[in-house]
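Once you have looked at the hints, place chain B on chain A.
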Amino acid sequence: MRRNRIPKFRLYMVGACLLLSWAALLIRLYQIQILEGERLEVFAESQGTRRQPLVAPRGTVYDRHGYPLAFSVSSSSSFEPKLSMIPESRNRQFPLNGLTGRIIGLVDYRGIGTEGVEARFDEILRGRDGRAVFPVVGNGSISPYEPAVIEERPQAGSSIVLTIDTVYQGLAQKEAHDLRESSAAQWAGILIMDPDTGEILAAATAPDFNPESPPSGGTSSHYLWSYSFEPGSSFKIVTFAAALESGSFTEDSQIDAENGEWYVFGRTWHDTHPMGVVPLSEIVAHSSNIGAVKLGSGVGKDFFFETARKLGFGQISSTDLHAEVSGSLRKPRRSVSLAAMSMGHEVMVTPVQLLNAYCCIGNSGRLIQPCLVRSVEGGDDFESIGIRQSVTPRNARILSRLLTGVVDHGTGKRAAHPLIPVAGKTGTAQKADPGGAGYRPGAYISTFAGFFPVDNPVVAILVIVDEPRNGTYGGEICAPAFRRVMDSLLSAPGGCLYPELASLLSQAPAAGSSVTDI
Amino acid sequence: MTAGVRRKRISPSRPPRSDFVLILAAGALVTMGIVELASITSAKVSLDGIPTSMIFRNHLVRVVAGCIAFYAGTRISPSLWATWSKPLLIVSLTLLFLPGLNRLGIHPPFVCNETNGAYRSLCIGTFSFMPGELFKLPLILWIARFLTSGRLKSEGYMATITPLIVLSAAVTALLLQPSFSTSIGLSIVAICILFLAGVKRLPVAFIVFMCVLAGGFIFGQSGYRNVRLREHSFSLSVDPRELPYHPRQSIIGLGCGGMWGAGLGQGRQPYGFLPEIHSDYPLSAIGEEMGFAGTSIVILFFCLILFRGFAIARNSMDSFSFLVACGLTLNITVFGLINVGVATAVLPPTGQVLPFVSYGGASTMTNLLSVGILDSIHRSNQ
Chain A
1 MRRNRIPKFR LYMVGACLLL SWAALLIRLY QIQILEGERL EVFAESQGTR RQPLVAPRGT
61 VYDRHGYPLA FSVSSSSSFE PKLSMIPESR NRQFPLNGLT GRIIGLVDYR GIGTEGVEAR
121 FDEILRGRDG RAVFPVVGNG SISPYEPAVI EERPQAGSSI VLTIDTVYQG LAQKEAHDLR
181 ESSAAQWAGI LIMDPDTGEI LAAATAPDFN PESPPSGGTS SHYLWSYSFE PGSSFKIVTF
241 AAALESGSFT EDSQIDAENG EWYVFGRTWH DTHPMGVVPL SEIVAHSSNI GAVKLGSGVG
301 KDFFFETARK LGFGQISSTD LHAEVSGSLR KPRRSVSLAA MSMGHEVMVT PVQLLNAYCC
361 IGNSGRLIQP CLVRSVEGGD DFESIGIRQS VTPRNARILS RLLTGVVDHG TGKRAAHPLI
421 PVAGKTGTAQ KADPGGAGYR PGAYISTFAG FFPVDNPVVA ILVIVDEPRN GTYGGEICAP
481 AFRRVMDSLL SAPGGCLYPE LASLLSQAPA AGSSVTDI
Chain B
519 MTAGVRRKRI SPSRPPRSDF VLILAAGALV TMGIVELASI TSAKVSLDGI PTSMIFRNHL
579 VRVVAGCIAF YAGTRISPSL WATWSKPLLI VSLTLLFLPG LNRLGIHPPF VCNETNGAYR
639 SLCIGTFSFM PGELFKLPLI LWIARFLTSG RLKSEGYMAT ITPLIVLSAA VTALLLQPSF
699 STSIGLSIVA ICILFLAGVK RLPVAFIVFM CVLAGGFIFG QSGYRNVRLR EHSFSLSVDP
759 RELPYHPRQS IIGLGCGGMW GAGLGQGRQP YGFLPEIHSD YPLSAIGEEM GFAGTSIVIL
819 FFCLILFRGF AIARNSMDSF SFLVACGLTL NITVFGLINV GVATAVLPPT GQVLPFVSYG
879 GASTMTNLLS VGILDSIHRS NQ
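Residue numbers (my numbering), protein chains in the order written: chain A, 1 to 518; chain B, 519 to 900.
Chain A on its own, in the form it takes in the complex (with noise of 0.2 Å):
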């Protein structure tokens, strides 16, 4: 190289490769930006945006004097556009924990309803989710630098009100914990209707549910609809409202109750209270099996199957309901089978239908269909819904009556208020053997169902103990329960029933020194 002689050739030759490679990264930059760049800004959409369901806030379940039974927390409480952060809870708070646990059911992770009132009515309280597009930064989280675009917004779920009246609920819950504690029992229930309206007040369990920590393993069913069992004794309603309705039988007939024992249908039947020949009332009263019997032969296989039909057995009871059982009503085909049926055996039935079979006996023999919710948000009060006159009045009458005497002076006599009169029916049934045929030796469900006054009940409840260690029989175990469960009625300020039961205290015929009692 000489001094001061520049290279040209080199130079332009450096030049030119230069400039053609800044020509051929412009080429790229077109391809890229202009004919590749539809296609890149559609995946850019799909990794900087996120569609997200907009939570719908469930609705509130309310007890009927609105108490919130179960309710939805939201962390927060608008769907504005600029709202970035989506709900993110669905928590669902139970502020009476396991009182009404059973009754309420669960909301699964999704919001969906699983168990009780959550799922029977799911529909009404989810609400519809609402829809938005979010924006998200590199590491896929929401932007919290820009709005979303909200495409459809969520509708709140609406509430609904309950016939739960947590007054009674927590009398009963109490009292079903306690009966539980001192028979050692499986599980006790106390389930209180208001035989006018099919109202149920209160159903309560022990051991109860709290939706908030389910126990694992643990059912949340509730055992008042979805748990059916031989009734034994408190089946003989039907026997008896049979027996009245055929015509061939009336309040004054003759039953010889063969002294306790009979041989009849190829085996012998037993009555704890041996009786020789006595009016139908002492049949009901000591609640002879060999006078079921006899009245249950006597008012033949279809005609006894029809009256437990028309009482509610054999099908489901209510549409409020989840998860209710309808327990098995079979044609009996052979008259051993008609016997059996009559004491109550070789038929399941749940504590609800055993109790709306006494409202129904309590309301004049019109059955009315149980209902759960009084009404839902926007919407009218639900109106009872009458099913059929199962029973004609008169009958009805005189059977709440034969049921008083039992109360009275035969097997459920602890159940008995001085001021009050009482009707009811002690039933204990032996349990079925799971593994196979025959019954469980020492295994017995224990009910007691009653109203009362006797004349135009207010209120109806069943007790029901499950394999009580303490104790066998309903008159022993339930009729003392039902009695304590309609001191707390009677005297609990706040009730949904309280102004008429302290009217029936105060119009009872003074009965002198009695009166100290309340």
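Hints are computed from structural coordinates only; laboratory data are not their basis. This one's a predicted model, so the numbers in the text were calculated from it and none came from an experiment. Mixed in with the good hints there might be a few duds.
As the list claims (entries may be wrong) - In silico DSBU-like cross-links for lysine-lysine, where the CA-CA straight-line distance does not exceed 30 Å:
no., chain 1, residue 1, chain 2, residue 2
1, A, 431, A, 331
2, B, 604, A, 8
3, B, 718, A, 8
4, B, 671, A, 8
5, B, 604, B, 718
6, A, 331, A, 301
Frame of chain A; chain B shown alone:
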């Protein structure tokens, strides 16, 4: 003056004029960088943990410092650079070795903590810079000085041995950090200077061959480079199996821009999709917000700088000015090409900044100083 150098004759009474096209092109790029950085920093609360307001302010401070460097460059006579080139080279080469020494178990002072598995920066107090950036200018000045000192004439291509030893030392220092792309870029610039200095083709070919060999050897050694290179393809796929994350996000940002872009502050890639967008991928940000129009203007300005730089070189009065002008222009262009090539997924991802546009102190200052020196040569040509 010989006939080989074309000179514009201007009346001696008139003071020499600056090269306004060059200055305006560089100024426009710096301005676009500032505007884009403002847009990026408005989108994010923090970039890599540093508050965006601080990033923007830092950048402005560096641009001001760069302008001072530019002014100094225009005032300093090119011949003065020749005198200083050797001490500058020695100092900057020493600094260049400091970060890499950590790899050898020596822990010299002023070395910043490891970032992304590399030691590339020196920290003095709160001030930090990359010696790799500072080294480029002294190397160019010194090679130009060395090749024009008459040895090339007397020793032939044996004279290229000393520059190659210095280059090898620098490449070694850079590979220790490691900073592979800087060593490649510097090698290209240095070899181009040798080529433009008139060294015969044979040794140049030999050098290129050696570099390719050495490069191949290094690829075989280093895991991350190996993976990056093996993964690299020219595909514009959004499939992560075909294109690694950073270039994929870069082309997504570019693609979103279309012809006219989404508008300033409307880009989505700064929201954490493209890390180091302010330093390594400003072109992607410009492409997303200003579209193909914006990116082609960036390339146009780089072409203008290339064109003016080589024009200044061609018009220079002496070989030193010629080689310095060529070297400085090459330096800007080669590293610009590398950055744009990475942003458009033509080259595998590296950490090279885009001259003038990117956030980065040493780069902004040395590049603006280069423009100042080019302008100074331009005025001395008149």
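Against the structure, the hints come out as follows:
no., hint, in the structure
1, A/431 - A/331, "21 Å, holds"
2, B/604 - A/8, "28 Å, holds"
3, B/718 - A/8, "15 Å, holds"
4, B/671 - A/8, "18 Å, holds"
5, B/604 - B/718, "25 Å, holds"
6, A/331 - A/301, "7 Å, holds"
The structure agrees with every numbered hint stated previously.
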